[in-house]
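Let chain P serve as the given structure and place chain L on it in line with the hints.
One line per chain: the protein sequences are P and L, in this order.
Quick note on the numbering used here: the first sequence kicks off at 1 and runs consecutively.
Quick note on the numbering used here: the second sequence kicks off at 115 and runs consecutively.
Derived from the structure by calculation, the hints contain no laboratory data.
Treat the hints with caution; some may be incorrect.
[Unchecked claim] Simulated coverage check for chain P against chain L, where a stretch passes if three residues somewhere in it have a Cβ under 8 Å from a Cβ of chain L: (1) 33-45; (2) 105-112.
[As the list claims (entries may be wrong)] Using 25 Å as the maximum straight-line C-alpha spacing, the simulated DMTMM-like pairs for lysine to aspartate or glutamate come out as follows: (3) P:Lys42 x L:Glu173; (4) L:Lys155 x P:Glu3; (5) L:Lys155 x L:Glu173; (6) L:Lys155 x P:Glu15.
[To be verified] Quick look at which bits of chain L chain P covers, simulated, 3 or more residues with Cβ under 8 Å: (7) 151-163; (8) 218-229.
Using N, Cα and C, we set each Cβ at its ideal position, and we do this for glycine too.
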Amino acid sequence: QKEVEQDPGPLSVPEGAIVSLNCTYSNSAFQYFMWYRQYSRKGPELLMYTYSSGNKEDGRFTAQVDKSSKYISLFIRDSQPSDSATYLCAMSTGRGSTLGRLYFGRGTQLTVWP
Amino acid sequence: GAVVSQHPSRVICKSGTSVKIECRSLDFQATTMFWYRQFPKQSLMLMATSNEGSKATYEQGVEKDKFLINHASLTLSTLTVTSAHPEDSSFYICSARQGSTDTQYFGPGTRLTVL
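Excised from the complex, chain P in its bound form (with noise of 0.2 Å):
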C-alpha cells in the first residue's frame, strides 16, 4: 500500500461547479499537509499548506484535514477552465530523518469545460 493515494480521475467538470478533491493517507505521523497545481509541461505550484486537522481557506479554495481518518480534501468553488489541471496532494512528517521531504499523490487530472 502506497503511503499517499489519489484517484487519478480524470475528472471532468462544468465551468461554475464545486470541485472535491481527495487524498487518503496511512502514515499517522504525517502533519503537515499541502495541495499543489501542475499545469501541462510545468512545475508544481504550491496551493494551499496546512498543519495538522483542520479547515483553511484561501479564495475560491478550502482545504480540510481530517487527521482521525487520514483524509484530506481540496474544495474549488465556481471552478474556471484556467482551473483546468493537475492537483496533487503532499504531505510530510515535519521532523526525523525525513524533515523535508514530501510524500505525493499521484495526482487527479481536473478538467473545467466552459
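Structure of chain L alone, referenced to chain P:
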C-alpha cells in the same frame, strides 16, 4: 515571493553527452533542495535531497554517479546527468525548501530529450 527558477527549460542532446541543469531560489535562501523526475501522467519521483555544503542523499535505485548533484550555495543546486542515454529522457523538476517549514517551492522543470 518564493520563486524558484530552472535552466535550461528544455535540452536535447546526443547519447553519451553530459547535461547540467541549474536550480535557483531567487528570493529566499534554501538550505535544502530536492530533485525530482516525472514521467508522463505520473507523479513526482524523488531522486535526491541536496543540502548546502554537504553531499546529496540519493533515493534507493538512483545512481549517484550518473546523477551528480552539487549544492554550492544557499540559492543554487545543480544536477548533472552524465553519459546520458535515451532512457534518461524525462521531465526533471527541482524544489527548494523555505525556512524551517516543510513547504517546497518548485521550479518550472527541465525537459530532457536524449537522442
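Cross-check of the supplied hints:
no.: 1; hint: 33-45; result: holds (count 7)
no.: 2; hint: 105-112; result: holds (count 4)
no.: 3; hint: P:Lys42 x L:Glu173; result: holds (23 Å)
no.: 4; hint: L:Lys155 x P:Glu3; result: holds (19 Å)
no.: 5; hint: L:Lys155 x L:Glu173; result: holds (21 Å)
no.: 6; hint: L:Lys155 x P:Glu15; result: holds (24 Å)
no.: 7; hint: 151-163; result: holds (count 6)
no.: 8; hint: 218-229; result: holds (count 7)
Checked against the numbered hints given earlier, the structure satisfies every one of them.
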